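Undergrad: For this one, chain B is given, so just place chain X on it according to the hints.
Protein chains in written order, with my numbering: chain B, 2 to 398; chain X, 2 to 398.
Keep in mind that the hints were calculated from the coordinates and are not lab data. Computed from a predicted structure; not experimentally measured. You may find that some hints are simply not true.
One copy or any two copies: either way a pair holds, since identical chains are not told apart in the list.
What the hints assert, rightly or not - In silico DMTMM-like pairs for lysine to aspartate or glutamate, Cα to Cα no more than 25 Å straight-line:
id : residue 1 : residue 2
1  : 276       : 53
2  : 269       : 53
3  : 372       : 324
4  : 372       : 43
5  : 372       : 320
6  : 269       : 259
7  : 276       : 7
8  : 276       : 110
9  : 372       : 398
10 : 372       : 142
11 : 214       : 319
One-letter residues, chain by chain:
Number of protein chains: 2
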Amino acid sequence: MLSISEALVSISKALRPVGIEAVQLDAAFGRVCAQNVSALLDAPPFAASAMDGYAVRFADIADDTSPLACLDVVKAGDRDVAPLAPGTCARIFTGAPIPPGADTVVLQEQARSEGGAVSFLAGIERYRHIRAAGSNFRAGDVTAHAGRRLTARDIGLLAASGHNTLRVHRRPQAAILSTGDELSSRFRAGEGAQILDANRPALTALVAAWGGKPIDLGIAPDRPDALVHALDGVQADLLIVTGGASVGTFDLVRPALERLGFSASFRKIRMRPGKATMFGVLAGLPVLSLPGNAVAALVSALVFLKPTLSALAGLGFEEVPRDCAVLAAPLSAVGPRDTFLRGRLDRGADGRPTFTAMAMQDTAMLLGLAKAHALTIRPANAPPAQPGEMIEVIRFD
Amino acid sequence: MLSISEALVSISKALRPVGIEAVQLDAAFGRVCAQNVSALLDAPPFAASAMDGYAVRFADIADDTSPLACLDVVKAGDRDVAPLAPGTCARIFTGAPIPPGADTVVLQEQARSEGGAVSFLAGIERYRHIRAAGSNFRAGDVTAHAGRRLTARDIGLLAASGHNTLRVHRRPQAAILSTGDELSSRFRAGEGAQILDANRPALTALVAAWGGKPIDLGIAPDRPDALVHALDGVQADLLIVTGGASVGTFDLVRPALERLGFSASFRKIRMRPGKATMFGVLAGLPVLSLPGNAVAALVSALVFLKPTLSALAGLGFEEVPRDCAVLAAPLSAVGPRDTFLRGRLDRGADGRPTFTAMAMQDTAMLLGLAKAHALTIRPANAPPAQPGEMIEVIRFD
Chain B
2 MLSISEALVS ISKALRPVGI EAVQLDAAFG RVCAQNVSAL LDAPPFAASA
52 MDGYAVRFAD IADDTSPLAC LDVVKAGDRD VAPLAPGTCA RIFTGAPIPP
102 GADTVVLQEQ ARSEGGAVSF LAGIERYRHI RAAGSNFRAG DVTAHAGRRL
152 TARDIGLLAA SGHNTLRVHR RPQAAILSTG DELSSRFRAG EGAQILDANR
202 PALTALVAAW GGKPIDLGIA PDRPDALVHA LDGVQADLLI VTGGASVGTF
252 DLVRPALERL GFSASFRKIR MRPGKATMFG VLAGLPVLSL PGNAVAALVS
302 ALVFLKPTLS ALAGLGFEEV PRDCAVLAAP LSAVGPRDTF LRGRLDRGAD
352 GRPTFTAMAM QDTAMLLGLA KAHALTIRPA NAPPAQPGEM IEVIRFD
Chain X
2 MLSISEALVS ISKALRPVGI EAVQLDAAFG RVCAQNVSAL LDAPPFAASA
52 MDGYAVRFAD IADDTSPLAC LDVVKAGDRD VAPLAPGTCA RIFTGAPIPP
102 GADTVVLQEQ ARSEGGAVSF LAGIERYRHI RAAGSNFRAG DVTAHAGRRL
152 TARDIGLLAA SGHNTLRVHR RPQAAILSTG DELSSRFRAG EGAQILDANR
202 PALTALVAAW GGKPIDLGIA PDRPDALVHA LDGVQADLLI VTGGASVGTF
252 DLVRPALERL GFSASFRKIR MRPGKATMFG VLAGLPVLSL PGNAVAALVS
302 ALVFLKPTLS ALAGLGFEEV PRDCAVLAAP LSAVGPRDTF LRGRLDRGAD
352 GRPTFTAMAM QDTAMLLGLA KAHALTIRPA NAPPAQPGEM IEVIRFD
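Isolated chain B (complex conformation) (with noise of 0.2 Å):
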């Protein structure tokens, strides 16, 4: 059985990021830049005043207090302003260019406006309150640099410099099949007993979550050759196999893709929950065999999933964030395997997080699942920890 590491450091040596398609700007948030963007234009294109006031030519008003003529407004959109003539002013509005000649703008609140003329409190700096050309970026200076994804703040800084489209890495393509005669997708009143597929719904949401385009394939039943059916031909980026409850399925999974040519990377991993995690690759197509267990499937799905669509998307291949959390109740000792307990995350009287593993850690029990906020990861054998113990979460979400 391979370590998460040694799993992860595998799985990311089989996946090359997906192609690339042009969005229009409005369509790219979210999505993962292809190709370092360079701004086409200054901003401000022109010295712009920071503030409301009055622009000046400093060695008007360094020595001498008498008022200067007002004899211009300048407001943010114009164009072509008059030079300032020596020793007047001109009244200047946030954005507004500044008058060629003028090298200071004085705050209103620095100044008396009377009959036409402004005369200014002593102490002006020069210079101030003024925003060079190109200050905030110029012409050329990349913007959003390939293998980001971008934000609404990267969004707002691409349009200001100038772009409408995009060149991103396409979503990446997940199919998604669950296997397992013990399951139904849809409940049907007064039909006894019946066993809901959670994992491919949850696993189409995760997929959405986390930047890819799902595919829904349905559930496969327990025979051979349905499965080699539902297994054969696949078109997507990533197929995510979850499998039925038992052993008695994944047993029949991996034949059936072995039977069109897939060859497993690593067939099960050092994890608790999650141990039946297999990762391959058939005919080209990264597959991730997630467990049937619901509980089991989000952890591993979080632990690899998460970052193989990362990977695909362009982003790299990076390891699931982790913060940390100062341990609110005891956590017992830890098998031979690394183990993850959901838990709930709450603020410190410090403002530090702490975490509460829930009492009941079956994983089965999805309803616990989604009232938890984190998980902590305690590696194997690891001895008991104690409360106030600083130990590693990650987040759900």
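TA: Coordinates of chain X only, in the frame set by chain B:
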């Protein structure tokens, strides 16, 4: 001028959750549940094995170590399982129904099968490795509460509890209008100085990221009639106006809104940046007017727009969550307004996040904003802060 808290209270009073629609479960991720949802069935629907092993009557192995005949195999998905004859055992797999009469599952690792008979190690515990019917949830248990934003785990739980469609709040529609003669929405090469509208694209992305549906109203020029025309009859749940850069523009927007019957709850907030944030109601439509300055607009959006969209979406009005971080570099004293500083978060040696304010806090600096990880909030009139102090931060994204 109101404080941030007073402004938030004032906004919250004007908001009502939007209406309700039915969606398929696969479109419900991230949506806000509009009613309590109860499970339609028990899970598991019958007592089921939690492991792969053997189902036994405990009495048969408690005091007697002779092997039991293994006469049956029960797999997940099997129905109408035959009762376990006394003095026999059944091979059983994870998720399979417990045969009537059996009360214990013995792990396969604790059993030895030879010629159709199975012997068991000593020390087996009664009732082990059986999940009782309904031990995850019972029909009628609430599996998602009204007002919850649905996670992937919720989607899995809702699927498991029998739901394929769901009643959720509509996505609040937020119409976004930029104003300002100085703004263009598209770069034109060779046309001289241009200032491109960053706010509308960034706000469009934020509205979508925060669960709303953006409606693009374009850019209105700084003319009273044109503004009235642009602001009149907007069909949405929220109108966001983002002012031009100057006081001049701001002074045009309010009269234009007032000509249409707008009543302002407040016009300015004691914060920096973001002072020029205004909120009110126009013929039943909540209107949030954000500063024209791009950084101020984004800070104000984080503080006011995000809770506004949450309240409209049915989540309730919640302030943006604040995390704690350790200050890594000194901060100077704060003026008379609550002050937001952009900065980077790193992870300190003790695992706690550290915050370093960016050197350049000029609010025109979109480039710096895009590189920041978080804002810190410094209360009005706060004294200088030293490295090591605990401060509050709001994380971006």
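Undergrad: If a hint holds in the structure, say so; if it does not, say that too.
TA: Status of each hint after checking the structure:
Proximity of residue 276 to residue 53 under the C-alpha cut-off of 25 Å is restricted to the inter-copy arrangement: shortest distance 14 Å between copies versus 64 Å within a copy. For a Cα distance limit of 25 Å, the shortest separation of residue 269 from residue 53 across copies, 16 Å, qualifies, whereas the shortest one inside one copy, 66 Å, does not. Taking the shortest alpha-carbon separations for residue 372 and residue 324, both the intra-copy value of 19 Å and the inter-copy value of 21 Å come in at or below 25 Å. When the C-alpha separation of residue 372 and residue 43 is checked against a cutoff of 25 Å, the pair qualifies only between copies, where the shortest distance is 18 Å, while the shortest distance within a copy is 50 Å.
When the C-alpha separation of residue 372 and residue 320 is checked against a cutoff of 25 Å, the pair qualifies both within a copy, at 24 Å, and between copies, at 21 Å. For a Cα distance limit of 25 Å, the shortest separation of residue 269 from residue 259 inside one copy, 16 Å, qualifies, whereas the shortest one across copies, 67 Å, does not. Taking the shortest Cα distances, residue 276 and residue 7 sit within 25 Å of each other inside one copy (14 Å), while across copies they are farther apart (52 Å). In this assembly of identical chains, the alpha carbons of residue 276 and residue 110 lie at most 25 Å apart only when taken from different copies (16 Å versus 68 Å within one copy).
Proximity of residue 372 and residue 398 under a CA criterion of 25 Å is satisfied in both settings, with 12 Å inside one chain copy and 22 Å between copies. With identical chains, the CA atoms of residue 372 and residue 142 are at most 25 Å apart between copies only, with a shortest distance of 14 Å across copies and 46 Å within one. Within a single copy, residue 214 and residue 319 get their C-alpha atoms as close as 19 Å, which meets the 25 Å cut-off; across copies the closest is 31 Å, which misses it.
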